[in-house]
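First to last, the protein sequences are chains A and B.
Heads up: the first sequence at position 160 corresponds to 160 in the numbering used here, and the numbers run straight through without jumps.
Heads up: the second sequence at position 320 corresponds to 320 in the numbering used here, and the numbers run straight through without jumps.
Just so you know, the hints here were simulated from the structure itself, not pulled from any lab data.
Just so we're clear, the structure is a prediction, and the values are computed from it rather than from any experiment.
Every clue listed holds true.
Computed Cβ-Cβ distance ranges for the label pairs, DEER-style:
| no. | chain 1 | residue 1 | chain 2 | residue 2 | range |
| --- | --- | --- | --- | --- | --- |
| 1 | B | Pro278 | A | Glu329 | 34 to 42 Å |
| 2 | A | Phe54 | B | Leu123 | 52 to 60 Å |
| 3 | A | Glu329 | B | Val286 | 22 to 30 Å |
C-beta atoms are modelled at their ideal positions from N, C-alpha and C, and glycine is treated no differently.
The lines below spell out each chain.
2 protein chains.
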Amino acid sequence: MTTPQHRFLIIADGEFGPLTSKTANSCIRYFPERIVAVLDRKQAGKTVQDVLGFGGKIPVVGDFERGIAQGKGATAVLIGIAPLGGRLPDEWKAWLRTAIEQKLEIWSGLHTFVGDDPELGPLAKARGVRILDARRPPPNLPIADGRAADVDALVVLAVGSDCNVGKMTAQLQLRDALVKRGHRTSFVATGQTGIFIEGWGIAVDAVVADFIAGAAEQLVLQGAKDNDIVLVEGQGSLIHPGYSGVTLGLLHGSCPDALILCHQATRDYIGDYHGREPWVKIPSYVEMIEIYESAAQPVHPTKVIGICLNTYDMDESAAREAVAKAAEETGLPATDPVRFDSDVLVDAIIGARATI
Amino acid sequence: MTTPQHRFLIIADGEFGPLTSKTANSCIRYFPERIVAVLDRKQAGKTVQDVLGFGGKIPVVGDFERGIAQGKGATAVLIGIAPLGGRLPDEWKAWLRTAIEQKLEIWSGLHTFVGDDPELGPLAKARGVRILDARRPPPNLPIADGRAADVDALVVLAVGSDCNVGKMTAQLQLRDALVKRGHRTSFVATGQTGIFIEGWGIAVDAVVADFIAGAAEQLVLQGAKDNDIVLVEGQGSLIHPGYSGVTLGLLHGSCPDALILCHQATRDYIGDYHGREPWVKIPSYVEMIEIYESAAQPVHPTKVIGICLNTYDMDESAAREAVAKAAEETGLPATDPVRFDSDVLVDAIIGARATI
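Here chain A stands alone, though its shape is the one from the complex:
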């Protein structure tokens, strides 16, 4: 899978926002210069900066055809929101048909593969247009066999209190900082957005359940080639009622030497269940650390070596307080690596690398 230098129109219709459009937001953070517009009929007329607090003057548009004509014109459409369950809303099909007819690639991370759509798939084939379904698993995945424990590189897995707290972003920031300091470091993408950014990886939440850990193992072996440090993107949370199985498979399959615990400082409950009364309360840092270390222990013991906070929705002094509180409660280095310096975590990873 390569990452050609496309210019994207991002579809985030009705859901573009700091917490609701994770895929869109990450792509905007990592390659803003390649986004021509975001489609969201609810917020048309604003800029991405208005909506997210970053991203600059990229326009939010309410009309698909106008969207793909922005700037130098889009060369690909990227589906930037992941509805609960990941299925392709019917009304988007007309947009995607238009895009394919205009020879734009389709990049999707949905569970429903756009390429398998009985209309869009054949249409794309007939027009010679690529549909990139980032969640389509590779064939012949293995059952995990513990080989990830044997790599020479230090393997660091990001784990979280919940989905969508910044696990991928944290690892990408840390990768950049480690590379800057001269360490051969890979980022291993385990979800569709990471695959969009890096150009390779496996969406572990989309593999057949028996092969979650096997997929993680295969990714670590690939990421360890010619690298001294492997940063594995985390998925879900061990306390998430819907996705915990993915998280545990990833933890056991990747056999990490160290964990980074990620949390959004203002979040008290698992976010996907606000439709019901708030359901799963996020426990203290100390308890979350205990949950992850205990779950890993029988298979491959590991330790949390630092805390990554997401403080995007706090003012500066509240954010600094949250970081100080996390460090004090856990005795571990803590920071928000997007907002503040990531040095304390980088030092912790380099320190862990020195001891294996």
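With chain A fixed as given, assemble chain B onto it according to the hints.
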């Protein structure tokens, strides 16, 4: 899915044995009168009783054509072993082709769907022969939403120290005993063998990883209809390096009110990893209980209410000792429900039912 009264030839080639042919053995235990023969070239000439210690005079044969001609003749071929990874060995295809040409149904629980085989699928269609791929997931599974916690029935999940320790058998025995005592009780099949036996269910290890818990939830809702007690078949183990994700998804999705911990009394290490040096040591009963109760706690707190032992490979007095030891170490009722009386566990379940 219905369970027609087929007569089966079971394929267990090279792997027929007490521990290696789980699907075959369970089918033999639950409907021996419908098995005409077992195909295993290594043990041809023996009886099933010789190999398993139960199953009577069912012959083990070394020739496929002879196998399907046994007794009144087979009407279906059942694939009775699950190779690591679940893939269809190439050499079996000739047998299956022969079977389809003779209008025998194919029942399979492999991850590789026999019906998707480019040769066997079309051949079966052309001959009007059904291929039952028990692991094929139903379409449109939900993301788990906690609805399993809302059913009025008592939900009891079997959990284990490892794969293949008797979780399904335990629940089937308990179901029969509870029904005999007049309790409306369902057995919810979560794996291919249970589906073969019951005629319905979902193989949760074969669904897309994001939907493990959702599949479990859907099964509990279905099992709770017109029943007061729902016994959910367990899968894998929270300490199994390859399959732990399936186990946690099932635990969180089914929202059980009570757990039954299953263990093979002589097993010290997770069984699938004997190719390497023994890897994951099975901890004490008390620790296993702690692992399951802690993992469930943030989503839906629950308690282990009894211990089910598999003592098939011990003599009578050692088995009684093992049961007594499990009861003493945990303070919980314990038995081997296949070998001994299941009353202590049935009483525990009825007691739990009375308190919800």
